[in-house]
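Listed below are the residues making up each chain.
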Amino acid sequence: MVNLQINGKNVQAREGEMLLAVIKRLGINIPAQCQHEAIEPTGNCRLCMVEITREDWGGWKKCVTSCLYPVEEGLIVETHNDKLFEIRKTILDLQLARSPHSEYLQKMAEEYGLEKSSYPVEPDGDNCIMCYACTRICELLGKSAISPTQRGHNKIIAGPFGEAPPDCIGCLSCAHICPTDHIKWNDEGDIRTIWNKNFNLITCKKCGGKTITREFADYLIEKRSLPPAYFDLCDKCKRHETAIKMGSLVIKAREAAI
Amino acid sequence: MKIDTISKLDKWRKECHKKQLAIKTKVLVCLGPGCLAGGSDQIYEEFLKILEKKNIDNISVESIKKTGCHGFCARGPLVVIEPQGIFYSKVKKTDVAEIIEKTLLKGELIDKLLYKDPGTGTTYTEWRKIPFYERQQKIALRNVGQIDPDAIEDYIAVGGYAALAKVLKGMRPAEVIEQLTKSGLRGRGGAGFLTGRKWATCAKAESDIRYVLCNGDEGDPGAFMDRCIMEGDPHTVLEGMIICAFAVGSTEGYIYVREEYPLAVVNLQKAIDEARNYGLLGDDILGSGLCFDVKISKGGGAFVCGESSALMKSVAGEIGEPRAKYVRSVLKGLHDKPTVLNNVESFANIPVIIEKGADWFASIGTKKSTGTKAFSLAGKIRNTGLIEVPMGITLREIIYDIGGGVLDNREFKAVQTGGPSGGCLPAAKLDLQVDFDTLTENGSMMGSGGMVVMDDQNCMVDVARYFLNFLVEESCGKCVPCREGLYQLHNLCKKICDGEATDDDLRLMEDLSRTIVSASLCGLGQSGPNPFLSTIMYFRDEYMAHIRDKKCPGGVCKSLITYRINADCDGCMACLTVCTSDAITGEKKKRHVIDEIKCNRCGACYAVCNVNAIDII
Chain A
1 MVNLQINGKN
11 VQAREGEMLL
21 AVIKRLGINI
31 PAQCQHEAIE
41 PTGNCRLCMV
51 EITREDWGGW
61 KKCVTSCLYP
71 VEEGLIVETH
81 NDKLFEIRKT
91 ILDLQLARSP
101 HSEYLQKMAE
111 EYGLEKSSYP
121 VEPDGDNCIM
131 CYACTRICEL
141 LGKSAISPTQ
151 RGHNKIIAGP
161 FGEAPPDCIG
171 CLSCAHICPT
181 DHIKWNDEGD
191 IRTIWNKNFN
201 LITCKKCGGK
211 TITREFADYL
221 IEKRSLPPAY
231 FDLCDKCKRH
241 ETAIKMGSLV
251 IKAREAAI
Chain B
1001 MKIDTISKLD
1011 KWRKECHKKQ
1021 LAIKTKVLVC
1031 LGPGCLAGGS
1041 DQIYEEFLKI
1051 LEKKNIDNIS
1061 VESIKKTGCH
1071 GFCARGPLVV
1081 IEPQGIFYSK
1091 VKKTDVAEII
1101 EKTLLKGELI
1111 DKLLYKDPGT
1121 GTTYTEWRKI
1131 PFYERQQKIA
1141 LRNVGQIDPD
1151 AIEDYIAVGG
1161 YAALAKVLKG
1171 MRPAEVIEQL
1181 TKSGLRGRGG
1191 AGFLTGRKWA
1201 TCAKAESDIR
1211 YVLCNGDEGD
1221 PGAFMDRCIM
1231 EGDPHTVLEG
1241 MIICAFAVGS
1251 TEGYIYVREE
1261 YPLAVVNLQK
1271 AIDEARNYGL
1281 LGDDILGSGL
1291 CFDVKISKGG
1301 GAFVCGESSA
1311 LMKSVAGEIG
1321 EPRAKYVRSV
1331 LKGLHDKPTV
1341 LNNVESFANI
1351 PVIIEKGADW
1361 FASIGTKKST
1371 GTKAFSLAGK
1381 IRNTGLIEVP
1391 MGITLREIIY
1401 DIGGGVLDNR
1411 EFKAVQTGGP
1421 SGGCLPAAKL
1431 DLQVDFDTLT
1441 ENGSMMGSGG
1451 MVVMDDQNCM
1461 VDVARYFLNF
1471 LVEESCGKCV
1481 PCREGLYQLH
1491 NLCKKICDGE
1501 ATDDDLRLME
1511 DLSRTIVSAS
1521 LCGLGQSGPN
1531 PFLSTIMYFR
1541 DEYMAHIRDK
1551 KCPGGVCKSL
1561 ITYRINADCD
1571 GCMACLTVCT
1581 SDAITGEKKK
1591 RHVIDEIKCN
1601 RCGACYAVCN
1611 VNAIDII
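Top to bottom, those sequences are chains A and B.
If you count the first sequence from 1, position 106 lands on 106 in this note's numbering, and the numbers rise without skipping.
Numbers in this note's numbering are just positions in the second sequence, counted from 1, shifted up by 1000.
Pulled out of the complex, with its shape left as it was, chain B reads as follows:
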């Protein structure tokens, strides 16, 4: 069926909506990356298997929906039952029969699957009431975890492509750009450039052809926001891109996705095929005369290919290396033609801004950072997961109110925002507002939205070393400061971790960082020393402890720590069994001893001890 007029789209939407309403109870099984790793695909299959055999009133196979990431990854696999919003967490395949018998048939709740807040002890039935969800506001993620990403009808039913229809029905391209500029939307990929201004520059550029690119490369360790949007709501990305194409006058677009996101590739391809079949992509979209088509370009997963000029080279089939952008890519981008490159999350915001208006969007967040931002919470935090919050919220609110605080109630040490190129902020900065400018002013950055929490058992020098190592491996190697500079910076940092560094080495690191920042060719190098610069800014004490006292306060750097068994040891022999270097001796019910020379500091004993009898000195 071709939807070749806007009225046909409206009619189709009514049909889709009616079909959705006919399904009285919906069981949403989260197939986001976290839940999938926990086996949620088997849970989904199990639901189908049982329901195919059984004939239950009001509940059919159609009631079972697989969705994208619902957000609360720490509690996965998740099953949500709508319209009541019943939230079942840590569901196993073996629970499925019980959910059908009790909840779906009799309306009874299953206590063991309900979420109990470990802080307050409160048990929650409905997911919207859980503090993790309650403080959030979803725009870009509005459909993720709510609809079946495979079914275009689901997207249509929740208002999909209505923004496109609005644009095609009565807006001029300049008006679309004006709305965007007024909304204040800044690029969600990290740099925070005004999207409206970018589109305006591209639209004005003289050219026979213009390109619309979507950056789905998302390479920051611990970040998975874009992945979840592409997997969980691919049509919203397409709709944003089509609106962009209309605004800037483009006929060709590409979505650049890393191949490590196979499900994103599959779901996006399905969405593109379906949109094409229905006439929402291709020639004469909705009978408006607009022609625009999208292709997927798969990347090999090089971090540097998230950088705009390297990404464009990769899309063009060349080596993914950045070029100097003294002529901006919006004027001379893919194949040297004017190109709009926006991040997945930016595109996901577009349809909502068009539908609800620029003023509505600008009223959310802060004056200079409007709207919301998606973050992936990771690291030593209780509620790991995918969240979306209004800009201007404090780090404390994100980490404690939504994130539930530090894992195992340990002491908060730092939070890293902005991925490897970002920075680590200490406890004293917890009340900072999360927006583009505040984070940059404080030595970190918004980045694409990774947020990694660290506790007192993390060593900040080791954290810097880890991320520097990541950047050394991901540096493309084209320019000297990044290729050789980061390599030497990492070596010096490693020297500190090994307890072999001097004050002179630290000075050399600071001098070297200055040159890497100001002389590197692209953003990767220019922000490359950030893991070191932000940790030395806030955690100089830890560096000095390594260099002068030859101690690692976090108890991480192997050369500087010793494991010792204290008087609390009850002689359970657990550590003795797991020791990888036969360094522990002792008898049952008697205090054990670690041979410090034999010990390889693997930490297995520490992890297995139930009575906290092992000290790290």
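Next comes chain A alone, as it looks inside the complex:
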């Protein structure tokens, strides 16, 4: 166990744990946009910054992103002060100029007393906050179909050469993890569209309902060694079939007992 101090309180943490996890466990509320329990932290948003020092640093302090900073014995952490407030407010202020229509950002900014950005807003600005959650989850799935491309203010998340990503399997992980609902997809009939790529959805053999994309099904069958017919039925029909099977087994067992 590692002993450290957070906001004046002595705390114990597991070796290798990141500061943010410990802070959250204590019920302390600090904003963090790019951090998500499913993926490795990258420190893009800088909102979870805290100020750290040590007894032997002679009063010297530094700001670090708590999502990436591993706990250390004797560390003294401050999660809220004027400097950190200014950093968080300025970051939200900057984001609000780039993505003025994002409700997610507006709500966060309100907490810092920001109604509108101090900078000229981009009226056509999209809601992408460049947190990389989508690209990280895609990479984790072993696909890396989308990635950050270009540089600086012009950076966007896209498929290779800005075209429909050949490696995308239409699993929607990126869209589901996106904190600002920026990534749009559409299911129409048996066609799913995401990242300008069309997929065929599997039709349930029983009820005719639409399930997942053929590519995603093949991916899961391979990764989890599932039987090839596993996705022939939708979840509901599968549950229904299992219930009937279970019921008949129980009846058979009862008959056998008599």
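Careful: at least some of the hints might be erroneous.
With a straight-line Cα cutoff of 25 Å, these simulated SDA-like cross-link-like pairs (lysine to any residue) come out [unchecked claim]:
#1 1325/B - 57/A
#2 1332/B - 144/A
#3 1325/B - 55/A
Okay, the calculated beta carbon distance ranges per label pair [said to hold, decoys possible]:
#4 1367/B - 82/A: 48 to 56 Å
#5 191/A - 1291/B: 54 to 62 Å
#6 235/A - 1301/B: 45 to 53 Å
#7 53/A - 1288/B: 45 to 53 Å
#8 38/A - 1537/B: 43 to 51 Å
#9 1273/B - 193/A: 51 to 59 Å
Reference excerpt, derived from the structure (chain B facing chain A, CB under 7 Å, subset only) [claimed, not checked]:
#10 1074
#11 1475
#12 1487
Honestly, the hints are just simulated from the structure, not real lab data.
Think of the CB as a built atom: it goes at the ideal place given N, C-alpha and C, for glycine as much as any other residue.
Based on these hints, arrange chain B on the given structure of chain A.
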């Protein structure tokens, strides 16, 4: 031929040396970036062409050597004749025949090609006596401009790989690191971290594999020191890396070079191939059992890839974006393995430190910044070029004694050190010592060694805007403060240049800079607001003139200036002809007039006027 023992290396060195001595007269043609741009490759070819036809006593094709950058770029193309050290500047292809006829055959000097100091009027024959060279001390650049970078024999003849032999013959890895630590060498890439300490940490790190990386990314506008070392003396970089590999226990190394340095890539590759052929790289180096090989990794030229963690990602084939370095790259670097990353110039210093000893190196420079530093002098300075000076020398000595002062004797305004992330120091700071700590204390930094001089015709707000724009374009865009913060900072700075800013905008810039500095992920963002912060620190007046008086004192910001023709106009019609917006009217020998509404402030008239009849108001 494999050089598989140290005694074979010594024998080979004697042979190389003898061969060099046999060449009585050497003609060194500088093929550095500046001279090459001036056509020095054609000069070199011309020498060969004429000498192939002629049979001249003592002078053969072998006498003509192409070298890396000799340093005095402002006077290029350069041809130096050794052993006399005759220095011919601004040489043209058509001068070659005359140089052969007069100087090489008859020993006569060609006056028009000799360097005449514009300040004192003195004409110099020998390059070592020229003030530009006299004040310098060369360690990292010792061979650049003196040897043919293509020929390993040249490097061997001047003592190449002798430091490696010394290390392999009788030093333990810990002793090498101790020597380096004692020498006080600090990283020449800019941050100034103690090289010995870095190596020691890497050597101690538990791992099955360790990497040695050389940072040749050099992205600062106006900087070309590392380029000149890689182009002009590639073997010294390799030797430094092999010594490092021995000290830290590494078997694999990479040199990261930007693809915009094609000649550096070619010369380094040739050096690697030759070193491998002779057994100086690869398995069992010099029969010592040391195994180490080097590969070149070419970068696409993104500025951020000079940052250590981004560089390592780029080498690994990933997107060149930095990561937070709470676990330092010396412990968890390339492929998450312990990695030593040093700059080209740092590696170039290593062989000399090993050969001459730590105490000798530490006696040069200041106590906390030992040794020398290479700089590239650029901007409004008379003697643009590549220099190497002992640490602790003042800015004034560099700019006036070596650099020859401001171009056209104009008034000095500022010098930028440390590239875009560095800062601009004003005339009042000219007597500052150039070392790592003094520059940082004064709001600038050493950086990799770019030095850009500005005169009274530079606008400091415009300079800040220019470098902020550079950083906006080069920001990788991963973290918010750098991506969005620098973008907004640049927009606000542009607003000042356009004369549309208020005092509130300036305050917003100062507040914003604070957050960018403390919240950005990597060094690029953390030092990103420096172009603004250092100019507002020393040139607040200029900012206020733009904001309150709507004037640009440097006469640069187009929205705030007007071109007017004064009474000195002799009616030569030159300005009228070059005007790009048909804004100038007038007759021959009569004073011309500029229509301020039509004028697009391109400055073409100002540049062409020979009688200073155009005022910028």
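Now the hints, each set against the structure:
1. 1325/B - 57/A: The hint holds at about 19 Å.
2. 1332/B - 144/A: holds, 24 Å
3. 1325/B - 55/A: holds, 22 Å
4. 1367/B - 82/A: 48 to 56 Å: Since the Cβ atoms of residue 1367/B and residue 82/A sit about 38 Å apart, the hinted range of 48 to 56 Å is violated.
5. 191/A - 1291/B: 54 to 62 Å: holds, 57 Å
6. 235/A - 1301/B: 45 to 53 Å: Given about 51 Å between the Cβ atoms, the range holds.
7. 53/A - 1288/B: 45 to 53 Å: holds, 47 Å
8. 38/A - 1537/B: 43 to 51 Å: holds, 45 Å
9. 1273/B - 193/A: 51 to 59 Å: holds, 52 Å
10. 1074: violated, 34 Å
11. 1475: holds, 4 Å
12. 1487: Holds, about 4 Å.
Going down the numbered hints, you'll see the structure goes against 4, 10, while the others check out.
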